[in-house]
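Chains as they are written, first to last, in numbering that gives the first Met the number 0: chain A, 0 to 324; chain B, 0 to 315.
Hints were generated in silico from the structure; no laboratory data involved. Since we're looking at a predicted model, the values are computed, not measured. Every residue, glycine too, gets a C-beta built ideally from N, C-alpha and C.
Across the chosen pairs, the derived CB separations fall in these ranges:
1) A288(B) <-> L179(A): 46 to 54 angstroms
2) D17(A) <-> A89(B): 49 to 57 angstroms
3) A300(B) <-> D247(A): 19 to 27 angstroms
Now for the letters of each chain:
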Amino acid sequence: MTDITKQAFAPARAFMSDDLLQVFYRLAAALLICLALAILSDSFLNLGNILNVLRQASLLFFIASGLTLVVLTAGLDLSVGANVALSACLAGTVIHQTGSPALGVLAALATGGIIGLLNGLMVTALRIPSFIATYGMLWVLNGLTYWYMAGEIIHGFPAAFRQIGSGYLFGLPIPVYLLLIFLSIGTIFAQRTIWGQEIYAIGANPVAARLSGIPLSRRLLLVYAVSGTMAGLASIIFLARLNSAEADIGESLTLPAIAAVLIGGTSLFGGVGTVFGTFVGALILTLVLNGMNLLSVNASWQPLVTGVIVILAVWLDIKARRRGE
Amino acid sequence: MREAVLAVTSNPLQRIPGVAIMLLLLVAVFGAVAPGFMSEVNIANVLVQSTLLLMLSLPMTLIIMTEGLDLSMGAVLTLTSLMVAIVSVATGSMLLGFAAAVAVGLIFGVANGCLVAALGIPPFVATLGTLGMAQGLALIVSDGQSVVGIPHSVSEIYSAAPFGIPVPIVLAILAYLLFHGLLYRTRFGAYVFALGGNREALTYAGLSPTRLLISVYALGGAMAGIAGLLMTARMNAGHPTAGLGLEFDAIAAVAVGGTSFERGNGWLGGTALGVLAVGVLRNGLNLLALPSSIQVASIGALVIIALFLDGFRSRS
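Let's have the full structure, built from the sequences with the hints guiding it.
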């Protein structure tokens with residue numbers, strides 16, 4: 000191997016091991032938080048509480064996993080929370096009208112997917128910056144949901160459907176199994192498929208990606224559609240867990256989802272991060288919020304703490320990048 | 000260059016700004032379909048209600064001109080409005096409440112500016128983080144409850160009308176003139192244009208873009224403090240979610256007004272017309288008995304149309 004080829008291959012290898020190292024640090028942080036909580040609170044190591052943390056982390060992960068792909072392309076999807084709300088309300092109506100949970104699931108996935116596609120179209124065809132386009136979408140969806148629900152609550156779903164959110168299989172909550180499935184699919188898609196690698200390439204350097212023949216618009220469209228569809232999926236699990244649909248269920252979800260992605264080590268500037276990292280990010284955030292709960296900190300502190308965490312995560316990312324340069 | 004001028008002058012329609020056409024269209028449509036829209040009382044109502052939004056949209060224009068964004072403005076407004084309520088109820092003094100609101104607004108503005116300029120965090124994420132913080136603080140200081148029993152001296156700010164002109168209108172005109180002077184008549188204004196269009200030039204000229212950016216965001220925070228006084232006076236109460244989402248109306252007004260998100264071009268007159276367009280849209284839909292949720296959705300659509308036209312015009 001000549002020096003030149005060595006140089007060409009070295010960064011690629013360093014990049015992979017660096018990725019693993021980043022995830023390892025975060026897992027260690029999650030363990031430290033667990034340790035601290037186990038010492039500080041008697042009820043943390045309770046089986047019920049641990050299963051609860053896992054379930055909450057899964058819910059957060061579903062929204063954050065699709066968002067991770069968007070952030071990998073250096074974009075942002077601020078509409079995920081509002082998407083969950085509208086999808087859940089429409090799916091709830093469908094289940095109530097038809098009595099068929101399958102149709103409800105379909106309605107939620109379709110609603111989420113269409114919203115994602117519209118976001119993608121605004122970003123690609125209209126060339127609106129993603130954070131503005133999806134922020135506008137947030138308010139459009141919010142408005143539509145409140146108008147559609149008109150203050151009503153859809154309550155009471157078939158027991159079989161509710162199992163998706165609150166049931167157990169071999170002692171583990173069903174959302175945890177869904178988490179494992181989607182974590183595997185997401186990781187394989189991002190790391191082991193050409194489309195996944197193209198998404199990294201777009202985030203790392205869009206100009207180079209376009210020049211090397213990657214169909215930028217189509218891949219971006221895909222990424223936003225996946226983000227929307229995952230929000231639709233999350234809405235199903237929320238619906239099954241809460242056993243009711245209300246217009247405001249998505250309001251406090253967007254900031255935690257973004258926090259999970261950023262804590263997980265995905266860079267806002269694109270091209271760096273993993274879906275598995277986002278899972279660890281969701282776990283860390285859930286542990287922190289759960290810990291505050293166990294230590295009886297008022298729930299009003301949650302948005303404040305989440306906001307601080309978001310800013311800290313981005314700041315650390317920026318510092319790491321500067322050191323890298 | 001000459002070709003561009005010729006293209007503009009050859010079609011008189013293109014000399015009229017898009018936002019003016021949009022405003023006229025909205026007024027015409029609602030004048031035709033919404034009962035009572037054209038009445039003197041209603042028009043005065045639209046104008047007075049738009050003052051609060053103008054207070055937020057003026058600094059938002061400057062922030063967006065620097066290729067920035069302030070998503071925290073609505074939450075900070077909520078918090079400053081609560082500060083006015085809590086402090087004025089505790090001390091009985093409108094001025095102390097007002098001072099507390101401006102102080103809290105300034106702290107958040109400076110924090111936003113530091114996060115964006117000194118730490119280099121992208122503005123939409125930095126201000127999303129401070130949005131969470133302000134929202135959390137609003138819930139904490141109010142304990143999730145409305146603050147009532149506001150002194151008369153506060154609510155008077157909204158209802159009094161010396162010489163027949165309501166105080167909010169006077170404040171809005173003053174604020175507009177202040178920002179107009181600041182942006183077009185001072186060196187600071189020229190720097191704001193440079194922050195968006197040509198930041199390097201500032202560094203070469205020996206100026207600190209960091210400090211300038213912090214002042215721009217600080218201005219936004221201070222104006223959220225002033226708007227907080229108007230809001231508490233209008234509602235005659237402090238409410239822990241009152242201002243949430245208002246930053247979207249402000250961003251909409253700026254976008255509709257023709258300020259670009261990417262090139263550092265801004266136009267305060269356009270923002271003022273944009274504020275009126277948003278106000279007319281909300282008022283008209285309200286008169287048609289459509290819920291506020293539909294108003295929000297329509298404003299979202301208005302923004303997307305405006306941004307589309309902005310991108311379309313800049314490309315053609």
